[in-house]
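Asks: These are the residues of each chain, in order.
Protein chains: 2
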Amino acid sequence: MDERIIEAVDLFQEVMFYGTERVIRAVDNPLWNEYSPEQIQTLKLISKEEKITSSRLALLQSVHKSAISSRIKKLLQKDLIRIVQTEDRREKLLELTEAGKEVLEQSDKVLTDYIGKLLSDQVEDEEIEQFLIIFRKLKEIIKMDGV
Amino acid sequence: MDERIIEAVDLFQEVMFYGTERVIRAVDNPLWNEYSPEQIQTLKLISKEEKITSSRLALLQSVHKSAISSRIKKLLQKDLIRIVQTEDRREKLLELTEAGKEVLEQSDKVLTDYIGKLLSDQVEDEEIEQFLIIFRKLKEIIKMDGV
Chain A
0 MDERIIEAVD LFQEVMFYGT ERVIRAVDNP LWNEYSPEQI QTLKLISKEE
50 KITSSRLALL QSVHKSAISS RIKKLLQKDL IRIVQTEDRR EKLLELTEAG
100 KEVLEQSDKV LTDYIGKLLS DQVEDEEIEQ FLIIFRKLKE IIKMDGV
Chain B
0 MDERIIEAVD LFQEVMFYGT ERVIRAVDNP LWNEYSPEQI QTLKLISKEE
50 KITSSRLALL QSVHKSAISS RIKKLLQKDL IRIVQTEDRR EKLLELTEAG
100 KEVLEQSDKV LTDYIGKLLS DQVEDEEIEQ FLIIFRKLKE IIKMDGV
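Sequences listed follow chains A and B, in order. If you read the first sequence in numbering that gives the first Met the number 0, its first letter stands for residue 0, the second for the next number, and so on. If you read the second sequence in numbering that gives the first Met the number 0, its first letter stands for residue 0, the second for the next number, and so on.
If we strip away everything but chain A, and leave its shape as in the complex, we get:
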């Protein structure tokens, strides 16, 4: 199994790095002049978590807290996110504003339209089905405790 795990991890990373590059290079959308890929990624994560602390955001994006602070500042300035007041004053939670949700929705659409076009002639329906089965399972495994 080991050799194949090594190849699998390697392929996943390559598709992640070069896939992102390819989309950014290929798609000329005004949205992406205005918002950086890292800002869009931050919006995506906040959307997934609904409400999230900045330290958890830093963990999920694998960056230092200082880098996250500057991203958050920019997103707050652009009114894409807002701070939710909680009863515990030490804890600040972030969530998307309506404008933030809209930007993310547009960006998601551009992304999936492009990927759909890129794959449509080259990938069989059955392969997409297999991809979904494997990734649904991987998601479940990641969420489980233990190991």
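To be clear, the hints were calculated from the coordinates, so they are not data collected in a lab. Honestly, I wouldn't trust all of these hints.
One copy or any two copies: either way a pair holds, since identical chains are not told apart in the list.
Within a straight-line C-alpha distance of at most 30 Å, the following computed DSS-like cross-link-like pairs (lysine-lysine) qualify [unchecked claim]:
| hint | residue 1 | residue 2 |
| --- | --- | --- |
| 1 | Lys-72 | Lys-47 |
| 2 | Lys-72 | Lys-91 |
| 3 | Lys-136 | Lys-47 |
| 4 | Lys-91 | Lys-43 |
| 5 | Lys-136 | Lys-108 |
| 6 | Lys-91 | Lys-77 |
| 7 | Lys-64 | Lys-100 |
| 8 | Lys-116 | Lys-138 |
Chain A is already provided as a structure; the job is to place chain B on it using the hints.
Replies: Quick look at chain B alone, frame taken from chain A:
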């Protein structure tokens, strides 16, 4: 196809975000106190490209040039990378040092060992095989021109 592409992109992103988090949280390796996930990721990319400019590195990591400059500075200080002199003096290329290669090798091993352990009881050999087939194909598609 559209609905499934949306789900596929979404699952890929979830596995990317939460998988990284899970590995970082679960694996307690001295290497990761010394080097941040973003530094390891930078080493990985330099290794994949063998020699790379800082602007291409910024593109591949989806971050601003300023963020890349600070990462490069840290990696140079730790002697994990070096600047290759080229005939064109305006162009600076980066490559891994022996120490950099060693850190990356160790980190890759920790990563694949953990993922191997996490998957071994839960994923069939056949599913790994399908994952490899799909991702080899995705890698080829990404590398092709057009669209």
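Asks: Are the hints correct? Go through all of them and say.
Replies: Now for the hints, and whether the structure bears them out:
1. Lys-72 to Lys-47: within (20 Å within a copy, 33 Å between copies)
2. Lys-72 to Lys-91: Classified as within: same-chain Cα gap 13 Å, cross-chain 32 Å, threshold 30 Å.
3. Lys-136 to Lys-47: Both: 18 Å inside a copy, 28 Å across copies.
4. Lys-91 to Lys-43: For Lys-91 and Lys-43, the Cα distance is within 30 Å only inside one copy (18 Å; across copies 34 Å).
5. Lys-136 to Lys-108: both (25 Å within a copy, 23 Å between copies)
6. Lys-91 to Lys-77: within (18 Å within a copy, 35 Å between copies)
7. Lys-64 to Lys-100: Both ways: Lys-64 and Lys-100 sit 24 Å apart in one copy and 27 Å across, limit 30 Å.
8. Lys-116 to Lys-138: Both. Shortest intra-copy (25 Å) and inter-copy (16 Å) distances satisfy the 30 Å Cα cut-off.
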